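A.B. asks: Using the sequences plus the hints, can you model the full thing?
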Amino acid sequence: MGNLSVRNLEAWYGAQKALLGITAEIPEKQVTAIIGPSGCGKSTFIRCLNRMHDTLPGAKVSGDILLDGKSIYDQHPVFLRKTVGMVFQKPNPFPSMSIYENVVAGLRLNGERRKAKLRAAAEKSLRMAALWDEVHDRLNYSGVSLSGGQQQRLCIARALAVEPSVLLMDEPASALDPIATQRIEELVTALKKTYTIVIVTHNMQQAARIADFTAFFLNGELVEFGPTSEIFTKPKDKRTEDYITGRFG
Amino acid sequence: MYTKRNLLNALMMGVFSLAAVIAVVPLFAVLGYVLKNGLTSLNLAFFTELPGMMGVGGGMANAIIGTLIVVALASVMGIPIGILAAIYLSEYDRRSWFSTLVRFTSDVLTGIPSIIVGIVVYAAIVVRTKHFSAFSGGVALAVIMIPSVIRATEEMLRLVPHTIREAGDALGIPKWRTILSIVLPTAAKGILTGALLAVARISGETAPLLFTALGNLYYAHSLNEPIATLPLNIYFYAISPYDQWHKQAWAGALVLVFIVIVLNVVARLAFRTRMGKN
Ligand SMILES: Nc1ncnc2c1ncn2[C@@H]1O[C@H](COP(=O)(O)OP(=O)(O)O)[C@@H](O)[C@H]1O
Ligand SMILES: [Mg+2]
Chain A
1 MGNLSVRNLE AWYGAQKALL GITAEIPEKQ VTAIIGPSGC GKSTFIRCLN RMHDTLPGAK
61 VSGDILLDGK SIYDQHPVFL RKTVGMVFQK PNPFPSMSIY ENVVAGLRLN GERRKAKLRA
121 AAEKSLRMAA LWDEVHDRLN YSGVSLSGGQ QQRLCIARAL AVEPSVLLMD EPASALDPIA
181 TQRIEELVTA LKKTYTIVIV THNMQQAARI ADFTAFFLNG ELVEFGPTSE IFTKPKDKRT
241 EDYITGRFG
Chain B
1 MYTKRNLLNA LMMGVFSLAA VIAVVPLFAV LGYVLKNGLT SLNLAFFTEL PGMMGVGGGM
61 ANAIIGTLIV VALASVMGIP IGILAAIYLS EYDRRSWFST LVRFTSDVLT GIPSIIVGIV
121 VYAAIVVRTK HFSAFSGGVA LAVIMIPSVI RATEEMLRLV PHTIREAGDA LGIPKWRTIL
181 SIVLPTAAKG ILTGALLAVA RISGETAPLL FTALGNLYYA HSLNEPIATL PLNIYFYAIS
241 PYDQWHKQAW AGALVLVFIV IVLNVVARLA FRTRMGKN
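For the protein sequence lines, the chains are A and B, in the order given.
Under my numbering, the first residue of the first sequence is numbered 1, with each subsequent residue one higher.
Under my numbering, the first residue of the second sequence is numbered 1, with each subsequent residue one higher.
Hints were generated in silico from the structure; no laboratory data involved.
Watch out, some of these pointers could steer you wrong.
Here are the computed lysine-lysine pairs in the DSSO-like style, where the Cα-Cα straight-line distance is at most 27 angstroms [stated by the list, open to error]:
1) B:K175 to A:K90
2) A:K70 to B:K247
3) A:K193 to A:K124
All values reported here derive from a predicted model rather than from experimental measurement.
C.D. replies: This is how it looks when you write it as structure tokens:
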């Protein structure tokens with residue numbers, strides 16, 4: 001569960017084309033990193049995967065994306081997003097909610113009322129997000145009372161609570177300090193047992209540390225996609241080599 | 001050269017401070033005057049008794065309750081409509097000609113003298129139902145408060161970061177649910193403040209009630225009857241020939257000022273309190 005197959009995906013913002021025909025197989029229960037210079041279409045790409053792109057006013061896509069063999073465009077985006085979760089660059093817990101309410105928001109606001117079910121889901125998700133030990137005795141505190149790194153793990157727990165099979169992460173550690181970043185990286189590695197993870201990063205060392213596969217984007221194009229070790233040690237494309245050796249970007 | 005510049009600086013600061021003092025003098029004069037004249041005529045009977053005949057004795061119990069009823073009626077209609085309309089403007093339609101029209105109309109309506117709203121409601125409801133009523137008074141005040149509720153709410157909703165809405169979308173929460181359960185609570189304090197200030201503003205409105213609520217010497221027994229309110233009573237008592245009623249007008253003014261000040265203070269406190277824990 002959680003295998004993504006991207007077929008000739010093109011994406012526009014109004015008249016501006018941001019993705020020029022991406023084709024890629026994103027394997028299940030692996031970490032796939034998206035790297036590339038700023039503005040190359042990384043965010044646009046992963047926002048296509050949960051249909052956050054084509055639901056923007058004026059935005060458009062063509063091509064297809066299959067999730068476990070079925071087109072994501074055959075589903076209502078609201079349902080798709082229960083299967084394909086997302087974590088954003090800046091931690092964005094709901095300010096009016098407690099830690100507990102944040103974690104169960106996706107369940108509760110979709111109609112889950114049973115207290116026992118919500119409790120269990122909250123504990124399970126917080127444990128998976130490696131946050132339980134730090135917050136179990138203050139679940140009623142405001143979500144925004146946590147540190148930046150804790151807030152980001154809270155957002156991860158919130159995304160996991162709806163039990164997706166794919167987790168998209170758009171530079172989830174770029175607003176965090178090195179220690180918080182390391183915890184997120186450990187978490188990603190632990191989570192891939194259960195989830196397919198697609199993570200955007202502008203940090204190539206990070207990609208090298210945590211990703212099984214790496215995709216290199218440039219100007220809206222997928223230049224090279226393969227096992228991380230191959231991308232970093234023997235890239236096939238000159239542009240990939242230039243980028244990872246720091247010659248541009 | 002240097003001293004001349006200093007002198008000019010001091011002079012200008014003097015002018016600004018003087019203006020600031022002049023600006024607050026009337027406010028304190030009003031408060032002081034109302035307090036001085038109102039306190040002496042305020043007694044228990046004022047709160048518990050109906051007006052006395054021909055200006056003797058009695059109180060304004062019916063007008064105090066009447067004000068609460070008409071303002072509550074206006075709030076029950078005006079606040080939900082204002083908030084829902086603001087949600088439409090902020091969450092569903094920021095840019096179309098229609099939302100521009102709604103915003104423009106709200107702004108114009110805010111600037112229209114309130115007596116005009118009274119005349120229109122008179123023509124639309126009083127003339128048609130053939131009687132003055134608490135209901136028509138409530139409608140007039142609701143019309144007056146809706147634009148300020150809309151603008152205050154919309155401003156507060158726009159302060160809610162876009163990333164909060166995205167997080168709701170990304171969790172597969174339907175948009176209306178994200179708005180009601182995530183965006184609205186995030187802006188709740190500011191919206192509450194805006195609503196309370198709008199309530200405070202209409203509590204003292206007199207002109208739009210002249211030909212809608214009309215006034216009443218007794219308690220109103222239904223919303224279809226004319227009803228007494230504090231501002232109306234103050235007006236009628238003040239222009240009456242009776243000394244006793246003049247005194248009661250001051251007492252009424254004091255109670256009204258008190259209500260408005262309390263609403264303002266509560267509105268500001270509401271905005272300040274932390275909602276963090278719950
Ligand atoms: N909301 C938007 N409206 C218009 N253009 C956009 C928008 N978001 C991104 N773009 C453009 O699309 C291209 C890809 O952007 P993005 O996917 O955000 O890049 P990355 O995440 O790799 O930095 C850029 O040229 C950017 O300017
Ligand atoms: Mg980006």
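A.B. asks: Give a verdict on every hint.
C.D. replies: Do the hints match the structure? See the list:
no.	hint	in the structure
1	B:K175 to A:K90	21 angstroms, holds
2	A:K70 to B:K247	81 angstroms, violated
3	A:K193 to A:K124	15 angstroms, holds
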